[in-house]
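Those protein sequence lines, which keep their order, are chains A and B.
When we follow this note's numbering, the leftmost residue of the first sequence carries the number 25, and every step to the right adds one.
When we follow this note's numbering, the leftmost residue of the second sequence carries the number 25, and every step to the right adds one.
These are calculated hints, taken from the structure and not from any lab test.
Check the hints yourself; a few may be wrong.
Chain copies aren't distinguished; within one or between two, either way the pair holds.
Restricting the straight-line Cα-Cα distance to at most 20 Å, the calculated cross-link-like pairs of lysine to any residue (SDA-like) are [stated by the list, open to error]:
hint, residue 1, residue 2
1, Lys232, Gly407
2, Lys40, Gly483
3, Lys384, Thr582
4, Lys40, Ser212
5, Lys232, Asn159
6, Lys40, Ala209
7, Lys40, Gly426
2 protein chains.
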Amino acid sequence: MSGAQTEGERLAELAKRRGYFFGASGAYGGAAGFYTFGPQGAALKSNVEDAWRDRFTVQEGNFEVEAPTIMPEPVFEASGHLDGFDDMLVECPECGESHRADHLIEDETDLEDAESLPIEEVEALIADHDLQCPNCGAHLAGESVESFNLMFETNIGPGSSTPGYLRPETAQGIFVEFPRIKEYARNSLPFGATQIGRAYRNEISPRKSIVRTREFTQAELEQFVDPERDEPELDEVADVEVTLYPATEQQADDGDYVETTVGEAVDEEIIGDPWIGYFVGIAQEWYERIGVDMDRFRFRQHLAGERAHYAADCWDAESEVDGDWIEIAGFAYRGDYDLSKHGEYSDDDFTIFRQYDEPKTVERAGVDPDMSVLGPEFGGAAGDVKAALEALAERDPAAFEGETVDVDVDGETHTVDTDVANFSVDEERVSGEHITPHVIEPSFGVDRTVYTLLAHAYGEDEVDGETRSYLSLSPTVAPTDVGVFPLVSNVDELVDRAQAVVDDLRAAGFSVVYDDSGSIGRRYRRQDEVGTPFCVTVDRDGLEGDGPDSVTIRERDTARQIRVPIDDLVAELRTVESGARTFDDLVEAYELVAPGANA
Amino acid sequence: MSGAQTEGERLAELAKRRGYFFGASGAYGGAAGFYTFGPQGAALKSNVEDAWRDRFTVQEGNFEVEAPTIMPEPVFEASGHLDGFDDMLVECPECGESHRADHLIEDETDLEDAESLPIEEVEALIADHDLQCPNCGAHLAGESVESFNLMFETNIGPGSSTPGYLRPETAQGIFVEFPRIKEYARNSLPFGATQIGRAYRNEISPRKSIVRTREFTQAELEQFVDPERDEPELDEVADVEVTLYPATEQQADDGDYVETTVGEAVDEEIIGDPWIGYFVGIAQEWYERIGVDMDRFRFRQHLAGERAHYAADCWDAESEVDGDWIEIAGFAYRGDYDLSKHGEYSDDDFTIFRQYDEPKTVERAGVDPDMSVLGPEFGGAAGDVKAALEALAERDPAAFEGETVDVDVDGETHTVDTDVANFSVDEERVSGEHITPHVIEPSFGVDRTVYTLLAHAYGEDEVDGETRSYLSLSPTVAPTDVGVFPLVSNVDELVDRAQAVVDDLRAAGFSVVYDDSGSIGRRYRRQDEVGTPFCVTVDRDGLEGDGPDSVTIRERDTARQIRVPIDDLVAELRTVESGARTFDDLVEAYELVAPGANA
Chain A
25 MSGAQTEGER LAELAKRRGY FFGASGAYGG AAGFYTFGPQ GAALKSNVED
75 AWRDRFTVQE GNFEVEAPTI MPEPVFEASG HLDGFDDMLV ECPECGESHR
125 ADHLIEDETD LEDAESLPIE EVEALIADHD LQCPNCGAHL AGESVESFNL
175 MFETNIGPGS STPGYLRPET AQGIFVEFPR IKEYARNSLP FGATQIGRAY
225 RNEISPRKSI VRTREFTQAE LEQFVDPERD EPELDEVADV EVTLYPATEQ
275 QADDGDYVET TVGEAVDEEI IGDPWIGYFV GIAQEWYERI GVDMDRFRFR
325 QHLAGERAHY AADCWDAESE VDGDWIEIAG FAYRGDYDLS KHGEYSDDDF
375 TIFRQYDEPK TVERAGVDPD MSVLGPEFGG AAGDVKAALE ALAERDPAAF
425 EGETVDVDVD GETHTVDTDV ANFSVDEERV SGEHITPHVI EPSFGVDRTV
475 YTLLAHAYGE DEVDGETRSY LSLSPTVAPT DVGVFPLVSN VDELVDRAQA
525 VVDDLRAAGF SVVYDDSGSI GRRYRRQDEV GTPFCVTVDR DGLEGDGPDS
575 VTIRERDTAR QIRVPIDDLV AELRTVESGA RTFDDLVEAY ELVAPGANA
Chain B
25 MSGAQTEGER LAELAKRRGY FFGASGAYGG AAGFYTFGPQ GAALKSNVED
75 AWRDRFTVQE GNFEVEAPTI MPEPVFEASG HLDGFDDMLV ECPECGESHR
125 ADHLIEDETD LEDAESLPIE EVEALIADHD LQCPNCGAHL AGESVESFNL
175 MFETNIGPGS STPGYLRPET AQGIFVEFPR IKEYARNSLP FGATQIGRAY
225 RNEISPRKSI VRTREFTQAE LEQFVDPERD EPELDEVADV EVTLYPATEQ
275 QADDGDYVET TVGEAVDEEI IGDPWIGYFV GIAQEWYERI GVDMDRFRFR
325 QHLAGERAHY AADCWDAESE VDGDWIEIAG FAYRGDYDLS KHGEYSDDDF
375 TIFRQYDEPK TVERAGVDPD MSVLGPEFGG AAGDVKAALE ALAERDPAAF
425 EGETVDVDVD GETHTVDTDV ANFSVDEERV SGEHITPHVI EPSFGVDRTV
475 YTLLAHAYGE DEVDGETRSY LSLSPTVAPT DVGVFPLVSN VDELVDRAQA
525 VVDDLRAAGF SVVYDDSGSI GRRYRRQDEV GTPFCVTVDR DGLEGDGPDS
575 VTIRERDTAR QIRVPIDDLV AELRTVESGA RTFDDLVEAY ELVAPGANA
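Next up, chain A with everything else stripped away, as it sits in the complex (with noise of 0.2 Å):
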């Protein structure tokens, strides 16, 4: 570790230099908030990406669908995001900064999730302890503290405007699709529908690097399923070893990580619903083979104030960088909510027909007015009354016991004669009924997943005498596969050799950097630098031997090299890049080359 640099500014300085990712648009002096990834970090990135669609899209069998990022207001009426979506926002009077009011609270009080507080507090607390602008120290006891829509807002088309709002999360592009998504599903639960793209939150102050910014790049996947008849397959992931954080034991003055299996979690309620625990048990699997350091990461339980109020349980997955805990992913128990305000909101059905085993006989009280009575006693209310009558029969049908049936109409209390009504009850067959899903949300933060992975791959050591950086990225998500490299550059037959090796892995769909520039040295060092699990180097010994033309593969985390036939240089790195042999195992099969012999 160098010196006085935090894990997180070493992190920036390397993704910045080696091409993982930088603040966008510097020429002009950037914009807060909005990244840009470089090559190294656009082709981890989508590896992150392609790893989590095999894992919950492809291996689950859900559906994947691919959403606009603009959508109309009427969703987000719908969703809750434009009235809710909002954080606390507090304008320096002096330079004008706007603030995070919670934040200023959380940062300068032992206070925690000050989010949760009403608006008045939060302004009481300012004053209180007499909190400064960050930025230039003026006094902002005093300052009104105002709710900002986090929503980036447009406008669809010309003319008179119609609003339209960046999406807050990828989510509500599935939700608003269920009627149709259900189709391809054949009507039938339980059944999963995901989406990997952006999602945009307009930050009052964006921080920290690519963990919180104002675009972003999602993976969710929404688990419908019947909440009385569907379980998942708990099985698969029963014997999966977890850290848990319950909210007990934050809460508790000696509260302690939980180490437990999901199985054992689910069985003792600690996670309260079997479909979390599944969830969370395959991806702790999942962050475990992209590489994150399973010694820095967690699963944290939302305290109650935490969640939304209709959650009933939700988890985030959390990794440590830098000494904070970062929440990468959440797991919730969302319930009918979503579907539920879609329904009510929209003219679609947002219901899955959920067949009975045997159609059932079920007695339905009706009425039938008579309208020939009804329409000289009530004139133009004559319809209102019959709709009453109606919703009375289903809601109460005692009340049609009597002799005289009493309806509220617009304030208003009508007597109708129960003949007059014509009350019956009827046996009716009916073969289900129409419900509301539950949904189980896994929503993951792909940028921070890879900030995550960056943090927990880099290392640095000593070789050959010189302290070097490298970074261990798992070969699954590293951005390129193999560098391949003559060992000096101005012998042709070395440089057309390594040229026909780079033109062979390719065909084999290895992601390969050609480089002949600067010493060897100098070049393992900057493939180990951005991760490249394996460096080929084309040299004299071996095309000059008596056997067969050889390469040497040369190891990035113990800079180990080998000698390989070059005919088989192609299936030996696939057998090791699909981990079925390891690097250990190639040792014992090929001969070691001496430390330094080409470097």
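Please build the complex by placing chain B on the supplied structure of chain A, with the hints as guidance.
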């Protein structure tokens, strides 16, 4: 072909029913110009993107980046989009509907390319032809035509607003980061940078399904070259045959396509620049591989009026659907326009240092004015006089040949003794110079490519006496690789074995659909209709015979079936999907199952 429906209508209907794409937010009445890709469409689109990435990024050794979709205003001041990215809007005085004035003219007159006409002329044409509102029939003569900027605008951050725009093309996310990307390319030309991502245009009247939408996906490559030194490897594509429609042929009375090769087209200067020729050749091969019908495909050169003023030559790749030609990609020689603009508007360095083969000695004229004389003489203007002398020395050394020299400062002429200016000409050794690279831009519309693939893949024929419709999508892009079915769903052994086949195929990387509902014939039709190349069926015959357990493989386009041992299934499907063998080869090697034997 089914009677009255046009190709486009049939496609839209199939796309919605089978989950390719449909108008977004339909539950709320929809939002014109926004589409959601359903499970099949998202997979097809993602496969097209992967195929593009493989060809234009990986195989070419280019750098892929991923930039934000929201960019700050100065970017678009420099790029010219803020001022010039307009369409002509006319609003109906009766119904208020907005229309593109140029489209109205093109639809109702013989004029083409009305977009390039000045606004006054467009207004006159509307009046002359007495054009009417397509929506309500009101007369539009006399209505004013206005420029409407097509960028979606939003505000970044709270407080005093900072305007931001959704990028109208992915290209700007590359150009604006050129100062960083060139470092990843080690400041050495030529290199290419690519990006696949969303772009946005607030179209006045979106049309034609996913062909002209307000949010769409582009795949763009910016090839940066030294115009005096860099040449493409034209040999690689010299023999590729292409159908060209040059500007001269479009304007000739008996104009026709030119069937030629890329090499000849460049030699004969039909294609004006070898880099354009190179990318046209690569694109031709790529489109063919992913399944565009090359009989419904051409490269059309822009007419002089269509080209941006800075573009030296520009060709579009066009596909035919429904009798219309759709622009699906553009290939433009953009010169140094983009980088020069950003260099001019920003403080960053958008040049590359071009090293001379040998250092050169150059004469450099300069002054070293004696400020002890200038100061007293010119007072506060002395600094400006000095700067003017320096600029003049560089611009016009001959001006210093007399005894005095005149310079203008703020409109006033000052006379300085040549001695006081201390003029001299020194020799300097310079190793190179800064140049602004030129850009060649192949720009692909992903949605339009998806649209073309679906339209060109659609077919109808008769199988087992029934009409079927199918999509003959290439295995490279088909959403699902393999459908797997138990012949019947009520025999546990068949279901279990089919599930095991699904697991094996998924583990081997295939995208698989399992289906056990309905008759086997119906299941085949379902997969035919979404373009799944192969279906595997587990039946009793395969499990009960004497030999090894086997399954049938059915090919989509011909509906032929063969019987293959289960243990060889993965390997055989891999050889066919990779193109190493054809299904005909498999038919030679294995038993052909009689048609209808299990259907």
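* Against the structure, test the hints numbered earlier, and report the numbers of the ones violated in rising order. => Structure breaks hints 1, 3, 7.
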